[in-house]
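Based on the sequences and whatever the hints tell you, model everything.
Residue numbers (the UniProt record's numbering), protein chains in the order written: chain G, 1 to 572; chain D, 1 to 677.
Do not take every clue at face value.
[Claimed, not checked] In silico negatives: residues of chain G with every beta carbon more than 12 Å from chain D: (1) L10; (2) G99; (3) T209; (4) T216; (5) L322; (6) Q323; (7) P523.
[Unchecked claim] Residues from chain D that face chain G, not an exhaustive set, calculated with beta carbons under 8 Å: (8) L234; (9) K490; (10) N648.
FYI, nobody ran anything at the bench for these hints, they're computed from the structure.
From the three backbone atoms N, C-alpha and C, an ideal C-beta is built for every residue, glycine too.
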Amino acid sequence: MTPNGWLQFLVFFAALLLLSRPLGIYIAHVIEGGKTFLDPVLRPIERLIYRISGIEAEEMNWREYAGAMLLFSFASLALTYLVERAQHFLPWNPQHLPGVAADLAWNTAASFTTNTNWQAYTPESTMSYFTQMVGLAYHNFLSAAVGIAVAIALVRGIIRKQSASIGNFWVDITRTTLYLLLPLCLLLAPVLIEQGVVQNLKPYTAVSTLDHGQQTLAQGPVASQEAIKMLGTNGGGFFNANSSHPFENPTPLTNFLEMLSIFLIPAALVFALGEMTGSPGHGRAVFASMAMLFIAGFLTIYWAESQPHPLLHHVDQHVSALQSGGNMEGKEVRFGISQSALFAAATTDASCGAVNSMHDSFTPLGGMVTLVNIMLGEIVFGGVGSGLYGILIYVVLSVFIAGLMVGRTPEYLGKKIESFDVKMAMLYVLIFPLIILVLTAISLLSPMGLGSLNNSGPHGLTEILYAFTSAAGNNGSAFAGLSANTHWYNYSLGFAMLIGRFLMMVPVLALAGNLAQKKSVPPSHGTFPVNTALFSLLLTGIILIVGALTFFPALSLGPVLEHLLLHAGHLF
Amino acid sequence: MTEKQSLWNPVILRQAVIGSFTKLDPRLMVKNPVMLVVEAGSLLTTALLVVDALHHRPGFRFDLQITLWLWFTVLFANFAEAIAEGRGKAQADTLRKAKGETMAYRYRPDGSFEAVSSAALRTGDVIKVEAGQFIAGDGEVVEGVASVDESAITGESAPVIREAGGDRSAVTGGTRVLSDWIKIRITSNPGETFLDRMIALVEGASRQKTPNEIALSILLSGLTIIFLLAVATLQPFAIYSHAPQTMFVLVSLLVCLIPTTIGGLLSAIGIAGMDRLVQYNVLAMSGRAVEAAGDVNTLLLDKTGTITLGNRQATEFFAAPGISTERLADAAQLASLSDETPEGRSIVVLAKEKYNLRGRDLTHMRAEFVAFTAQTRMSGVDLPGTSIRKGSADAIARYLEQQGSSMPRKVTDKVEEIARLGGTPLVVAENETALGVVYLKDIVKGGLSERLARLRAMGIRTIMITGDNPLTAAVIAREAGVDDFLAEAKPKDKMDLIKLEQSKGKLVAMTGDGTNDAPALAQADVGVAMNSGTQAAKEAGNMVDLDSNPTKLIEIVEIGKQLLMTRGALTTFSIANDVAKYFAIIPAMFAGVFPVLNALNVMHLATPHSAILSAVIFNALIIIALVPLALRGVRYEPKSAQALLRRNLLVYGVGGIIVPFLGIKLIDVVINSLHLV
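See the structure below:
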């Protein structure tokens with residue numbers, strides 16, 4: 001742990017604070033259909049889209065909203081599946097890659113539709129440029145927009161009074177894409193290109209290496225995808241090596257911008273919440289909870305990775321001008337420990353899943369943090385949109401559990417929290433561990449599950465647990481060490497991703513619809529306060545206790561055990 | 001009724017112990033999913049225990065103790081509910097004695113009587129009740145006046161007057177007429193009377209889960225499913241790790257993790273909440289109303305009888321120029337000696353207190369009392385040569401004009417000043433001379449402003465309802481410390497005010513007794529009817545105050561809040577407890593195969609078996625330990641929500657994390673010193 005490492009973290013966090021609030025206010029403005037400075041350019045395009053697609057901006061109730069969302073998502077999923085299967089008939093395939101196998105195509109279609117971007121394949125040797133740009137990049141925008149739309153719908157449910165409707169899904173995804181995602185990508189992509197991220201449609205380049213070997217350098221339209229990969233918390237790399245690949249993430253500046261892009265929209269959405277609910281203090285309190293969990297996670301990884309390896313004796317492992325010290329296995333020397341730890345914390349807190357280091361090679365405790373970050377439900381800033389609605393579910397539960405202690409039936413920003421709301425919130429909280437634990441348990445007992453393992457013991461357990469957690473949490477990062485491109489894992493992980501996305505979105509929308517039709521109780525001296533430091537602590541506590549209590553047994557047989565055994569001299 | 005039941009009354013205890021076992025019936029258990037899971041777990045381990053015993057498997061001693069403590073967990077939860085119900089039953093028994101079968105004299109259509117049993121009375125029957133007889137059923141007095149002993153219902157020994165017409169016409173079955181006779185039209189069938197409903201309520205027989213209780217049950221069921229899942233999938237994880245667990249250990253872990261503390265005490269909290277109301281002599285027709293009471297934002301209080309003492313009282317004499325105050329006081333007292341109105345009496349008392357003027361023998365003075373009439377709007381006394389009059393300023397001014405005199409300017413000014421202050425000026429004149437003004441004032445009930453301040457601290461807005469003019473109302477409102485007032489209010493205005501507040505999303509509470517209050521009582525979220533009020537009012541409200549004390553609303557609100565707080569506190573405590581239980585059980589489960597996991601055994605529990613057993617015992621005992629808290633309720637102080645939250649989170653949240661660490665460690669030490677495992 002070096003002063004430089006600390007400084008880099010502080011600069012990162014300060015930049016996040018500085019940018020996310022104004023962006024949040026802008027988002028609130030866009031959502032409420034207000035005028036923006038981009039209107040002269042975008043308004044005609046927006047109208048044109050509505051005219052072509054025949055969208056009438058009518059308000060929808062929650063069932064209609066959910067129906068539209070599911071229809072849209074599953075149509076997109078089918079389309080992507082077909083593009084993958086038929087890529088050898090389609091243009092932009094200079095490497096003449098064959099059509100993708102059925103199970104992998106299904107897994108990938110599910111993965112990108114759900115904003116997971118789990119990649120059970122090596123992109124540069126599996127997907128054509130056309131597939132990447134049309135089939136996958138399309139989802140990078142639209143799956144992000146869907147997530148934001150659902151979050152917006154929930155916030156509308158909170159602020160509307162006795163309303164049957166929660167907005168129009170088509171308008172929400174159109175405006176989100178046009179006014180938020182596209183402009184930000186147009187800002188980021190040129191900077192990435194300037195820094196050396198490639199952007200072309202050329203065939204792969206063969207080069208001679210310094211030691212006279214031959215190497216093929218994959219090419220492609222990377223920069224344009226890289227921007228939305230980070231901004232939309234997608235995380236699906238253009239290349240297998242993801243953000244540790246020099247063509248995706250060449251410089252410290254691109255690394256900084258990419259990390260910032262992961263958190264930018266999720267953090268801004270929290271401020272948008274404060275803005276839209278007319279309680280900026282509440283937005284700040286939720287932000288504080290997220291920030292606490294993020295900082296705690298980062299510090300743990302940074303600390304764990306900076307420790308000398310306990311089994312390496314008589315080796316100098318101290319930080320010096322010539323070496324970084326600590327555990328550098330699976331890390332890029334360009335980024336070092338602090339930037340790898342920060343990237344790992346951010347990418348797992350948000351459901352991004354892009355990586356610039358191998359989580360599998362982290363120390364057991366460092367790796368555990370990345371796993372726990374996802375297990376908390378992708379709500380520490382979280383995925384774009386999904387992070388906000390996820391944490392709002394925890395807010396509802398916190399308000400319900402502790403809200404009683406102020407002597408009133410629980411209410412959240414004027415809305416009474418009643419049995420239907422609790423039922424939907426519990427359903428949301430329940431589905432997540434259900435998929436992870438059940439599918440992991442099946443994998444741990446079956447040959448098809450164990451056959452893919454490259455490591456034994458607790459480390460192997462962690463690898464399988466991480467895969468299902470990553471899928472259900474729609475994170476998409478891989479712990480690696482697991483050969484996931486098998487029938488069992490392709491189908492089961494694809495299933496986990498779909499459930500972890502859509503089965504959890506439906507209760508959120510139901511909650512939104514139910515909250516919207518309620519009366520609003522004006523706040524009084526006796527109302528449960530949701531804009532205080534105490535509330536932030538309470539929310540953090542509830543998230544930790546619910547998350548930790550659910551997964552503690554599994555973790556204790558995985559990374560915790562591995563950590564203890566490592567110090568007792570056992571490796572896996 | 002009012003006497004408090006001791007927590008550990010032996011009779012109730014014995015019944016509760018029996019109840020703990022009868023409640024094991026799964027058909028009853030279904031209502032409580034958390035404890036149903038514990039019971040299922042206990043049954044499972046019992047079955048396995050029998051198998052173990054038959055095969056002489058090792059570890060029988062440990063398995064037996066685990067199984068026993070699992071059963072204790074269920075029994076303790078049942079006991080908590082049974083004891084809460086038992087306290088209600090004891091009260092119901094007292095009421096039942098009052099109910100008994102009584103004879104009634106029913107009018108036949110031809111006007112003659114027939115003696116029938118109270119059970120034969122139906123709605124619409126008319127009965128006659130004479131002094132010394134019990135009233136056979138709920139009804140309305142249609143003829144006559146009587147003093148009635150209602151102590152069986154209210155615990156209040158002073159008899160009350162019940163008469164036909166007006167707002168004091170309702171009588172309750174089981175009460176006794178002390179003097180005179182009344183004719184009563186029966187308003188409820190047997191089994192549906194007030195007393196029957198009351199018995200059912202305090203017994204908890206008609207108890208239904210309240211909305212918040214249902215929501216909380218859903219949360220607890222959800223948590224139970226999550227933990228069921230976590231424990232069920234732990235076995236595959238354990239098998240993969242070559243450390244499979246016995247069913248006894250898995251069930252122990254499950255029972256420790258699911259929220260048994262709140263699950264076991266939830267219904268007891270609800271029953272006890274109703275019970276506390278009964279101890280305050282308030283009957284809530286539903287638990288929903290008690291919950292709503294905790295949420296009340298606005299409280300409507302009638303001025304007369306609630307905020308002020310029923311009547312105005314003389315507080316000061318202001319003499320006219322050239323007249324001594326003693327002379328004014330003397331005349332005022334003379335004029336009031338025969339005046340039996342409370343205002344008149346207060347003048348006599350004031351004159352006596354301030355100027356030591358004693359009552360005089362009026363007959364000796366050959367005085368002649370002049371009563372108040374609507375025409376003259378004055379009263380007074382005529383003595384030989386002197387006539388004294390007191391009355392409103394206009395009336396006395398007219399009287400003085402008739403005498404060829406007029407009111408001095410100073411007196412008129414004083415009259416206006418008093419009116420401005422919200423008081424009632426009473427001018428006293430002797431013959432043609434105005435002597436001065438008596439200041440009659442509404443007296444705010446003692447201690448009321450403190451109680452209203454308490455309400456404000458809870459975040460509740462109080463609105464005073466009065467027929468007075470706005471000027472007078474404002475003065476009293478300020479003096480009493482209410483937040484707002486509605487002056488010159490007609491019954492309809494009250495209704496409109498409630499609707500207006502409700503349209504803003506607020507919950508409104510009010511009290512009322514008259515028939516014209518009934519619509520407003522029905523509209524209010526919490527409508528407390530006075531027991532002395534009409535049947536219509538009692539039917540319309542969702543609570544009845546047996547003491548007919550309008551300020552009781554404050555206690556009702558506090559009890560409602562306490563009920564919710566107790567639920568929240570124990571839920572938080574229950575969930576927070578799990579942290580320590582994990583640290584007790586997880587290392588114990590796996591340290592046999594992976595001794596390194598003992599690093600998680602932060603409590604340094606002696607052996608894996610003692611660790612698991614300690615956690616299970618703690619989990620069972622904490623239910624019993626918290627029964628008094630569940631029945632008594634968490635301490636409530638009117639503070640801001642933020643302050644309450646901080647305090648309760650500290651006590652029940654942080655405390656909930658720490659206490660089990662200490663408790664489990666302590667139990668582990670005891671277990672090992674007794675060599676139980």
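- Query: Among the hints numbered above, which are violated by the structure, and what are their numbers in rising order?
  - Reply: 7, 9
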